[in-house]
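Engineer: In case you want the letters, here they are:
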Amino acid sequence: GQQVMQIPQYQHVQEGEDFTTYCNSSTTLSNIQWYKQRPGGHPVFLIQLVKSGEVKKQKRLTFQFGEAKKNSSLHITATQTTDVGTYFCAGPASNTGKLIFGQGTTLQVKP
Amino acid sequence: EAQVTQNPRYLITVTGKKLTVTCSQNMNHEYMSWYRQDPGLGLRQIYYSMNVEVTDKGDVPEGYKVSRKEKRNFPLILESPSPNQTSLYFCASSLFGRGYGYTFGSGTRLTVV
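Chains as they are written, first to last, in our numbering: chain A, 35 to 145; chain B, 9 to 121.
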């Protein structure tokens, strides 16, 4: 079945360093969503990308949707301790109402 | 305040004892869904509902039941819980297809002994 894979699974960075997580789908996606889950919390919706090659920014976060609409990335510039958490991408399964999540990338930031 | 409310937050139960986790949303969302979260496996969809009386299986539906009799409520039922259903469960809702993403509840941590 359709799969959404994320790498890396874990990332430890020093505060101020950049961070990137990558998301790859086994099939073309109509859109991709990104979520953040703080430790002990619930996932919170960050953004949705729809267009091929789309790039969106939210302050220090840059989200990109690949030209083939099968991959996406989230880049954080100059990480802060408030960026700690697990970042998930999610894409809709074709012709169903399912939303499939990647396994997530857990970010640790050392002050 | 717009939210998804799950109850209970924590539950310890014994194998085979039927239980229900409730989920309610106050945003008039058509779409509701249940996920379970396990270490290393991310969020896996159990069931979803695209509107009242319309439910469908996600990727891991075995051992679970749902119903959608009203738009705001989407309870998750475990008829005969087993230890492999020990997990963190999230309910979520959305205006399906309108780019708003899911709003998640705070989660229910279930332990089956």
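It should be emphasised that the hints constitute simulated quantities derived from the structure, not laboratory data.
In this text, a Cβ means the ideal position worked out from N, Cα and C, and glycines have one as well.
Please note: incorrect hints may appear among the correct ones.
Unchecked claim - Partner residues are not named here, just some residues of chain A that face chain B (Cβ under 10 Å, in silico):
1) THR96
2) GLY100
3) ALA102
4) THR120
5) PHE122
6) LYS132
Said to hold, decoys possible - DMTMM-like, lysine to aspartate or glutamate: derived pairs with alpha carbons at most 25 Å apart:
7) A:LYS93 <-> A:ASP52
8) B:LYS65 <-> B:GLU9
9) A:LYS70 <-> B:GLU61
10) A:LYS91 <-> B:GLU78
11) A:LYS132 <-> B:ASP46
12) A:LYS70 <-> A:GLU101
13) A:LYS93 <-> A:GLU49
14) A:LYS132 <-> B:GLU61
15) A:LYS144 <-> B:ASP67
16) B:LYS77 <-> B:ASP46
17) A:LYS90 <-> A:ASP117
18) A:LYS144 <-> B:GLU38
19) A:LYS70 <-> B:ASP67
20) B:LYS25 <-> B:ASP46
21) A:LYS70 <-> B:GLU9
22) A:LYS85 <-> A:GLU49
23) A:LYS70 <-> B:GLU38
24) A:LYS132 <-> A:ASP117
25) A:LYS104 <-> A:GLU88
26) A:LYS132 <-> B:ASP64
27) A:LYS104 <-> B:ASP67
28) A:LYS132 <-> B:ASP67
29) A:LYS132 <-> B:GLU87
30) B:LYS65 <-> B:GLU87
Engineer: Mind listing which of the numbered hints don't hold for this structure, in increasing order?
Structural biologist: 1, 2, 3, 8, 9, 10, 15, 16, 18, 22 and 24
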